[in-house]
Amino acid sequence: MNDFENQLKTLLNERVDAKIGTREAPRFAPAGNVRRLDSVRRRAPWVVPLLAAACVAAIVGGSVGAAHLLADKHHGPAPATRVPAPKHTPTPKDTRTFRPDQTGPVTLDGATLPLPSGWVARDYRRYEPPPVEGQDDPADQGWCFSPASTQVRIGGCPIWFRSYHDPSVQHGPLMDVDNRGGSYGDPHQVCIPSGATHYDLQAGEFPFGGRMADYRHWRYDCKSGPAFVAEQYVVATRPAYIVFSEHVDATVHQVMSDLAAHASLPPSATTMRYEDFGYVRHIATVAGGVRISIDRTVRDQTADTDHTTYDYVVPNRLYAATAKGVKVGKLAQVETDGTRVIMFSGLAL
Amino acid sequence: MAMSDSYGAPPALDFDALYREQWRPMLRIAVGLLDETHLAEDVVQDAFAALYRRAGSLRDSGAAIGYLRACVVNGTRTALRRKIMARNRLRPADTTDDAAADESVLLTAEHDLVRAALDKLPDRQREVLTLRFVAELPDDEIATATGLSEGGVRSASSRGLAALRTLLGGQL
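The listed protein sequences correspond, in order, to chains A and B.
Heads up: the first sequence begins at 0 in numbering that gives the first Met the number 0, then just goes up one per residue.
Heads up: the second sequence begins at 0 in numbering that gives the first Met the number 0, then just goes up one per residue.
Keep in mind that the hints were calculated from the coordinates and are not lab data.
There may be inaccurate statements among the hints.
What the hints assert, rightly or not - Each computed DSBU-like pair below joins lysine-lysine, with the alpha-carbon atoms no more than 35 Å apart:
1. A/Lys-8 <-> B/Lys-119
2. A/Lys-329 <-> B/Lys-119
3. A/Lys-326 <-> B/Lys-119
Given these sequences and hints, build the entire structure.
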């Protein structure tokens with residue numbers, strides 16, 4: 000580590016320590032009667048949706064090629080002093096009610112999907128643990144497609160399907176086509192803690208149910224245990240859909256390919272995607288805002304052979320607030336509600 | 000139909016001990032990424048809540064810390080993006096952080112310069128540098144926390160440092 004890095008490290012750690020000060024861990028009571036976090040009361044309104052899902056699904060990074068993820072042996076710095084013991088009570092009995100199973104060609108949120116013979120669409124929440132105290136249990140988390148004979152196990156859904164709702168209306172999850180799951184949720188357990196010996200990402204845009212979808216296929220060869228293989232299609236314009244699997248084998252891959260080929264989605268209501276990410280190729284002032292032309296790219300993937308650009312008009316007020324540093328050739332990301340840009344940010348590279 | 004399913008019996012996870020030991024290290028990572036303490040606390044609590052919910056499906060109890068770190072890193076990504084969106088909807092007063100009492104005394108213009116430069120980096124580079132400098136994690140553990148390859152970690156680190164040198168322009 001050179002002098003510059005040492006100085007960075009010192010300044011960053013001093014800032015973190017100053018901000019944390021003498022804070023102590025709040026009581027954690029996920030299943031008890033105590034609010035699980037005192038700061039719930041002081042959460043800004045826009046933080047509330049974060050309670051619905053604990054974490055963002057990991058955005059897969061790295062260019063296509065070999066990767067090495069290793070074991071988790073680190074146990075972090077020394078624990079804080081005088082941390083009150085958290086209240087740990089057993090998970091309460093699951094009293095949720097679920098939507099009935101559906102078989103045959105199913106029509107879900109306007110999409111008609113030809114399930115294979117013997118497969119069933121189940122309420123996806125069956126595959127999720129019940130929410131803990133203070134967390135919402137969204138009524139609609141989509142559907143799980145699986146063989147009817149397969150026993151439901153938490154985390155074991157073979158294929159997950161859901162429509163994506165307008166975030167500006169329902170404060171729903173932010174779309175990210177490079178995220179496993181298409182938006183956020185608890186991260187998937189990828190070769191933790193053994194690490195991976197190889198990582199491969201394939202990406203492209205392919206038809207799904209008559210619409211164009213962003214396709215991603217991830218493979219992590221783990222040092223121990225089976226490989227982690229995930230696959231998804233995200234139809235990113237309204238009405239938007241996500242089909243995802245983190246249990247891809249030959250059968251699941253074939254079912255997903257068949258769904259892509261034979262499903263029928265309603266036509267796009269708008270041409271604007273819910274999110275986009277790429278290199279800024281052109282910036283122009285237009286009536287009411289600034290038009291940004293984005294050359295779409297896969298996050299962290301260096302190869303970018305398709306230089307088609309997509310235009311977004313960023314309203315003046317939004318541009319002034321968020322576009323500092325945006326330049327032609329730099330990366331930028333856009334969030335929309337399907338008809339207008341609601342978030343824009345430029346990045347330094 | 001053959002369907003792989005590697006989920007076994009729930010591990011014996013000492014959640015209480017883990018919470019006591021890891022709350023502060025996780026908070027340091029979150030504050031390093033978000034630069035807002037209360038928001039960081041929320042992300043950390045949500046990470047522990049996620050772990051609590053998922054403990055029964057963890058493939059290995061040893062995965063807990065790695066999973067927590069991944070939760071925190073992922074949680075900060077959404078929090079940052081929502082923060083940017085919120086800035087356009089809420090009054091500035093709604094998004095201010097409740098800083099530690101002595102924060103203004105301890106922090107200087109140099110700290111602000113570095114923070115501002117760090118905020119201009121792409122997510123992955125900011126995460127890698129924060130995990131390296133604040134959490135002092137080696138490349139393999141940064142890779143696990145971020146979902147990057149080790150090569151990706153090294154690349155993000157190198158590019159991030161180069162960008163910081165440019166952005167700071169010899170001001171340190």
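**Item:** Restraint check for A/Lys-8 with B/Lys-119, where alpha carbons must lie at most 35 Å apart
**Value:** holds, 17 Å
**Message:** Does B/Lys-119 sit within 35 Å of A/Lys-329, going by the straight-line distance between their CA atoms?
**Reply:** holds, 11 Å
**Request:** Please work out if A/Lys-326 and B/Lys-119 have their alpha carbons no farther apart than 35 Å.
**Result:** Distance ~12 Å between A/Lys-326 and B/Lys-119 Cα, so the pair holds.
Figure legend: structure checked against the earlier numbered hints; every hint is met.
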